[in-house]
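Residue numbers (numbering that gives the first Met the number 0), protein chains in the order written: chain S, 0 to 287; chain Z, 0 to 281; chain F, 0 to 372.
Do not rely on the hints blindly, as some may be mistaken.
As the list claims (entries may be wrong) - In the DSSO-like style, the derived pairs of lysine-lysine whose C-alpha atoms are separated by at most 30 Å in a straight line are:
id, chain 1, residue 1, chain 2, residue 2
1, S, Lys25, Z, Lys186
2, F, Lys154, S, Lys25
3, Z, Lys186, Z, Lys13
4, Z, Lys232, Z, Lys186
5, F, Lys154, S, Lys110
6, S, Lys156, S, Lys25
7, S, Lys110, F, Lys317
8, Z, Lys13, F, Lys317
These aren't lab readings, by the way, just hints derived from the structure by calculation.
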Amino acid sequence: MTSLILGLATGSIYALMALGVVIVYKATGVLNFAHGAMGMMAAFLFSSLTLRNLPVGLALLVALLFSAGLGVAVAFALRPLRRAPRLTRAIFMLGMLALLQNLAVSIWGPKVRMVPSLFPSGGLRIFGFVLGYDQMGIMLVAAGLVIALSAFFRLTKLGVGIRAVSSDQDAAALQGINVTRITIVTWILGSVLAGVAGIMISSPAADIFSLTLLVIQAFAAALLGRLTSLPATLVGGLVLGVLTTVPASFDALRPHAQTIPPVVSFLLIVGILMFRSDSSLISRAGEA
Amino acid sequence: MSILRAVGLGVSFKGLHALEDVSVEVHEDEIVGLIGPNGAGKSTCFNCLTGLLDPDTGTVLLGEEDVTALPPHERARLGMGRTFQTVQLFGGMTVEENVLVGSHNRVAHGIVADGLRLPSSRSGERIARAEVREILELLDLWEERDRPARTLPLGEQRKVELARSLAQHPRVLLLDEPLAGVSRQAKQGTVETLRRIRREFGVSLLVIEHDMRLIMAITDFVYVLNAGRLLAKGTPEEVRANREVIVAYLGEGGEDRSWPSAGSRGGSRAAAGGADPGPRRR
Amino acid sequence: MSAGLRGVGTGTEADTRGHDEDALGMSAPEQGREVHGAPDAVGVSEAALRRGMQLVVAGGSLAVAVLVPFLLPRYWTFVLLAAVTTMIVGLSIVVLTGFVGQISLCQATFMGVGAYASARLTGDAHLPFLIALPLAGLAAVPVGLLAGVPALRLKGLYLAIATLGFGAAVQATLFSSKTLTGGFSGVALERPTVFGISFASDLRYYFLTLVVLLLLMAFAANVKRGRSGRAFAAIRDGEVAAAASGISLARYKLTAFGLSAFIAGVGGSLFGHAMLSVNTSSFDIFHSITFVTVAIIAGVGSVGAAVFTGLMVNILPKALDRVLPGNLLLVIFSAGMLVQLAVAPDGIAGQMRRQQDAVLSWILRRRRVSGRD
């Protein structure tokens, strides 16, 4: 049971990351390979600020502002490539991954960093198992963000604009929607989501490489949501979280706990991609 | 002797019948036409024949063999060639190289032989190039052999695609609208080329075409598709006079100067200035 | 007359360019790179001139490669030999991505298999290096075939994700396993001895790797020019037409992955023997990502382009080392790469080829002007 809770908490983080990936992909067609790296930068900034004795709340705010800024920077960096095929832009984001990673190493060094938790330590005892405050906090934050996002997409002008651009960019432009502005907002959203997820998952200790690699789990969850449906992505993230944590609780697999997330993610990714319904030669001929 | 036969092909996409109980047959040395209004299912039929699409029902036989379960490259290897509605040339290669791709299965040396330039690779290459040279010369493409294929005008590109499919030495060649987008001047040349091909290569042809003059001029037998079903079949003259077919193309009481009327001579010089039936449909 | 020359810009080329860009947005590199042109008065055709230029460039590069370790300070030799192993990996990417248009983000994984296999073969099994090296490459082949299976159904972006996941999965399982690969502490390798000659010194080992690189490049170039190379290019330029022409997509895609893995495996083995020890982090996804992004920047259109990958990954950073410290340099480097990608999708090699064409056409113009028409 404890591992189930842990699974759900981890899954919430995967879900948040995946949502960021899907939102950006739907609106811009760019698959953000650097998503994990962007979250990593926010987490490390957060860590540095708290180490300089900034209060956690303020550090969080600054880190998220930084995430927003990073999103804007990426959006602009991609402008020259806006007509390029999806793969080229994805490769660009791969380069961005390398850039951010090397940047992080040159600023903060390759070693692991301490990151304070956003939530109080300790937990509740329920029915004989422990529910950590941090786990509850993560799930609550995730839930809250998801609700806020739904409201945003449904009720605000910007949100509706993003949905319009996601379904048909040209039609949206013809309707007078400023696609550039939408693109920037979308990247801000995606980046901030990555930042929140990165900060939450990295307590107590943050490691540049594993944070950057979270993007693989994010992709797996995003694919479970077929890269289009936000609710399905949310569920996908939770499912992935559980699938990667619960097996590790079995004694036989415990020593291999580290290997499970990437392997499960990979198998899911390949399984989903390979066995999609229409994969005939003709339809694939049109795909880039 | 039957070279290619499709029996009872049926395909539906999301509840819509793209093809329903379609059977066509091509005999040795025959040129068969497949016509019908836009959206009738002609290309779908081709895709089933060549293996790009798995039909829900029906079988495809190449010669004596049931190829229904075989993938496209296997059918190509067994003697089925194909050209496409929009020319599919390999952009990065020259004319000669494009056609050499067609000769892929005429020799059999492997990648290691190529890499190490073993004798089998060198002789295989010689054989392939010799065969390809013949085809290129026959189609007047030899002079252009080193040009990047994509720099040629469309009519020439179609010839290259044709040459490539001939390099397979197929038993039957499926041509998807060989005259589409070809200028009026070039059309007659294409017709001549097709006649020459049948003569020199002894290959049967199955041709999708909207240009009725080509169909009248060159085919021995015609199938008419409409809305996924076989509407009529017969010799070109029979089909041309078939009331149902006329209605399908032109609507009730329709007049289309491009439709060769019963009174026109020979059928190959249709009404003056006749455009293809195709564009008007849109 | 100069219809086929790139860079000289004929009207027809501009019209058709849009139709011929592959998944990476690059124009497919010309397979034969031959230009049709009648011989001029002296009997030397454009094609021959172009071939002549290629020979000059290749010969010059070879001369540089042979001489440069003697011209630079001693510590450079190690950098050079590391660069050569990178070039071999770059070649594996040219074969897979350049020839066949398949994207793979797990080349370092293939390297790793080669390195670990070589360590076992030369270490535990005491096999001579000349035998262990190709075997190490072969050991990587099944891994390559596995990685290639998704390529049968996936293209472009989705294939990239799948291979990335594959690399991550292998890194987390096989490469981290203490029993199989020594986990985090890794394995040790030695500089080889071939026919009684020791290649322990950097200089000798450099020439050894150079020879292997040249052999592999020759093999790849031969493949490209032959039947299999055409099949690869056909798959890259038009899968559907390739299948209709009788080419088995599955067979050739898997072959490409296998060949690419073999080359990368050989590169990995040479890398391992160069570094004398390797561990999990030597072959992680980040390396794969670096290789592929740099290779794409460098260009994958020709066998020669592999050279640029090595130059950019190993030599350039070292050369600028005095000016900018380590990682910061890589940052700027990555940024530069991204700019390059935006500016010239067919890579540096593509740019070079266009320069070559420009020079060639300049030469031809001069000859005409001087009355040789």
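Okay, the hints, checked on the actual structure:
1. S:Lys25 x Z:Lys186: The given pair, whose Cα atoms are some 46 Å apart, is violated under the 30 Å limit.
2. F:Lys154 x S:Lys25: holds, 19 Å
3. Z:Lys186 x Z:Lys13: violated, 38 Å
4. Z:Lys232 x Z:Lys186: With a Cα-Cα distance of about 25 Å, the restraint between Lys232 of chain Z and Lys186 of chain Z holds, given a limit of 30 Å.
5. F:Lys154 x S:Lys110: violated, 37 Å
6. S:Lys156 x S:Lys25: Between Lys156 of chain S and Lys25 of chain S the Cα gap is close to 17 Å, so the pair holds against 30 Å.
7. S:Lys110 x F:Lys317: OK: Lys110 of chain S and Lys317 of chain F at ~23 Å, within 30 Å.
8. Z:Lys13 x F:Lys317: violated, 60 Å
Hint compliance for this structure: hints 1, 3, 5 and 8 are not met, and every other hint is.
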